[in-house]
Amino acid sequence: MKSKEGEILLKVENLSKHFPITKGLLRRKIGAIKAVDGISFEILKGETLGLVGESGCGKSTAARVILQLSYATEGNVFFKGQDLNSLSKEELRKLRQQMQMIFQDPQESLNPRMTVGSIISEPLIEHGTFRGKVLQDRVEQLLESVGMNREFANRYPHEFSGGQRQRIGIARALALSPDFIICDEPIAALDVSIQAQVVNLLEDLQEKFGLTYLFISHDLSMIRHIADRVAVMYLGRIVELASSKSLYSRPSHPYTQALLSAVPIHDPKREKKRERIILTGDVPSPADPPTGCHFSTRCSMAKEICFKESPNFRKASRGHHVACHLI
Amino acid sequence: MEYLIQGSVMIEKKPHFITFDNEIQHRSLWGDVWRQFCMHKGALAGVIVFIFITLLVSFGPLIHGIDPSTINFRERNLGPSLSHPLGTDNIGHDTLAQILAGGQVSLAVGFFAMLISLVLGTLIGVLAGFIKSLDGPLMRLTDLFLALPILPLLLVIILLFRDTLRTLYGPEAGIFLLIVFVIGITSWMHTARIVRGDVLGIKEREFVTAAHSIGTKKRRIIFRHILPNILSPIMVSATLGVANAIITESALSFLGLGFPPDFPTWGRLLYDGANFIQITPTRVIWPGVFIALTVLSVNYIGDGLRDALDPRLRGK
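Residue numbers (the working numbering), protein chains in the order written: chain G, 1 to 327; chain B, 328 to 643.
Hint data in this document are derived by calculation from the structure and do not stem from the laboratory.
Nothing here was measured: the structure is a model prediction, and the numbers come from that model.
Check the hints yourself; a few may be wrong.
[What the hints assert, rightly or not] Not close to chain G: a few residues of chain B, all C-beta gaps over 12 Å, as computed:
# : residue
1 : Ala-372
2 : Ile-390
3 : Gln-431
4 : Pro-479
5 : Asp-599
[Claimed, not checked] To give a feel for the contact side, a few chain G residues facing chain B, derived at Cβ under 8 Å:
# : residue
6 : Phe-103
7 : Asn-111
8 : Pro-112
9 : Glu-126
All C-beta atoms in this analysis are idealised placements derived from N, C-alpha and C, irrespective of residue type, glycine included.
Please construct the entire structure, taking both the sequences and the accompanying hints into account.
This is the structure in structure tokens:
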């Protein structure tokens with residue numbers, strides 16, 4: 001389902017999300033945690049964009065801001081050419097039919113007091129598309145499409161294992177036949193054998209329904225498997241964006257290089273020779289990011305300019321964008 | 328022959344199979360709740376006791392047949408006898424008749440006052456917890472009510488409105504409305520605080536975010552996702568509320584702010600009997616037993632309901 005015509009489904013422009021830090025009785029603003037700090041990218045129809053980065057770099061916040069689940073401090077999100085900021089609440093609610101989200105923790109993302117059937121039918125009822133017998137049929141059909149028994153509709157989430165619960169979450173996201181799904185670390189809470197099942201399910205569904213994914217993960221090999229293009233985030237910014245092939249074969253940004261060097265190779269001979277780039281120090285606090293390049297404090301190749309000026313996000317080769325002074 | 332038997336078995340089995348299938352499909356929520364509720368022995372006992380007390384106070388007077396307000400000075404301070412099963416008091420009222428009549432009022436006051444305080448407390452708690460801009464004002468209002476000295480407040484309210492309500496609805500109904508309202512409006516604060524705290528927690532859970540991302544309206548998020556998940560604290564405060572309302576009513580009656588002195592309620596009987604505890608201790612014991620049984624049974628019912636409504640505890 002790789003669309004060659006390159007129709008842009010989602011466009012993110014200079015998106016930022018800052019959480020204010022307040023102090024004292026009057027809640028004076030004394031600073032901001034820059035969780036997402038000016039990211040821009042485009043997602044083409046039918047493709048999977050992988051978003052990687054270590055914990056706390058703003059991946060999930062970016063997902064929430066894109067879906068307007070929390071407000072952006074700055075920047076715009078265009079979905080099918082429509083600026084989501086300019087929509088009224090009701091228009092946005094209607095548009096949510098076309099963009100859905102799969103959550104990280106299947107334990108948390110399902111209401112423990114609702115049956116699986118009512119969880120999956122909630123979006124259908126909310127948008128008034130189905131009723132009665134047709135609704136029940138649709139729920140059963142959705143359960144089957146994620147590989148679950150239709151009789152499970154009467155059960156409660158706690159009666160299922162993590163992988164099954166994640167499938168319920170996927171069925172809910174699929175209910176309204178959306179075009180675009182954000183997968184916010186859908187496999188992080190699952191064990192490895194179940195991870196493969198869920199990822200394969202997501203791929204099958206993509207092929208079947210022509211879905212577009214923004215796939216967030218910190219698992220580099222999984223991203224390599226599922227994504228067409230990959231964006232690497234560090235401390236609220238995208239440092240490198242390239243096609244999966246190009247990124248994994250020729251990582252340009254020092255951070256990406258360090259990340260990739262940490263992935264084990266499944267060949268003992270080559271694994272022995274694998275050179276690791278060990279990053280020293282911690283990720284700086286997003287409340288007080290370093291001036292210049294955010295990665296400068298941990299970069300082994302940093303020069304003077306890296307500490308002063310923030311690098312532009314620019315084209316390194318065809319379809320390969322990097323934010324680094326050295327390239 | 329064999330074929331025929333097979334055929335008839337198949338015909339017989341088929342409808343059976345269909346009903347079985349339907350049963351699976353329509354396993355209803357309330358059926359499950361009821362099944363789980365029945366497994367809670369205490370709750371079942373609570374229901375039985377509560378129904379027994381309710382039936383007793385509603386139909387008992389018809390069987391017992393003595394008017395609770397009859398005064399008979401010849402039969403003062405009697406012990407239990409056939410004509411007066413629970414004895415009489417110092418001016419010859421029949422104690423059983425008084426307890427039955429008082430029970431109607433006490434139960435009604437307890438139930439309706441609890442309902443008012445519960446609805447008010449839940450409403451304010453949910454609004455404060457869910458809508459950030461209302462949190463401050465509503466919680467300060469709650470603090471204000473908590474800080475008010477309740478007895479002087481009750482005094483003022485009752486003095487202000489007693490006569491108007493009496494003329495509007497008659498002396499007894501008027502006072503009943505007033506007392507229920509007054510108790511309800513002065514006891515919602517704890518519910519509101521507990522509910523607000525729980526709503527603040529639940530609203531940050533991921534399934535609420537998921538509901539937002541689906542496009543569920545705010546009102547529905549409250550009713551579908553938040554309220555069911557804060558049911559346990561609401562249940563607990565409801566059951567405690569019944570007890571609290573019965574006791575508060577008796578305190579009001581004692582102060583002369585509640586029902587008129589000749590109008591029996593459990594609390595009033597308890598307080599009146601307290602002066603005669605050495606002559607006729609049963610006058611204290613019986614209303615006390617009834618209040619305690621009611622409160623205890625309501626508590627157990629609430630306990631059972633809370634467990635039955637939580638799918639995670641069901642079937643364990």
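Comparing the hints with the structure gives:
Consistency note on Ala-372(B): stated as away from chain G, and its beta-carbon is indeed over 12 Å from all of that chain's, at 26 Å minimum. Residue-level check passed: Ile-390(B) sits 44 Å from the nearest beta carbon of chain G, beyond 12 Å. For Gln-431(B), the non-interface assignment is confirmed: its Cβ lies about 36 Å from the closest Cβ of chain G, beyond the 12 Å cut-off. Every CB of chain G lies more than 12 Å from the CB of Pro-479(B), the least distance being 33 Å, so the non-interface label holds.
The beta carbon of Asp-599(B) is kept farther than 12 Å from every beta carbon of chain G, the shortest such distance being approximately 47 Å. Hint status for Phe-103(G): holds, given a least beta-carbon distance of 5 Å to chain B, under 8 Å. Annotation: Asn-111(G) was flagged as interfacial toward chain B, and the flag holds, the nearest CB pair being 4 Å apart, inside 8 Å. A least Cβ separation of about 6 Å between Pro-112(G) and chain B falls short of the 8 Å threshold, and the interface hint therefore holds.
Interface hint status for Glu-126(G): upheld, as the beta-carbon distance to the closest one in chain B is roughly 5 Å, under 8 Å.
Checked against the numbered hints given earlier, the structure satisfies every one of them.
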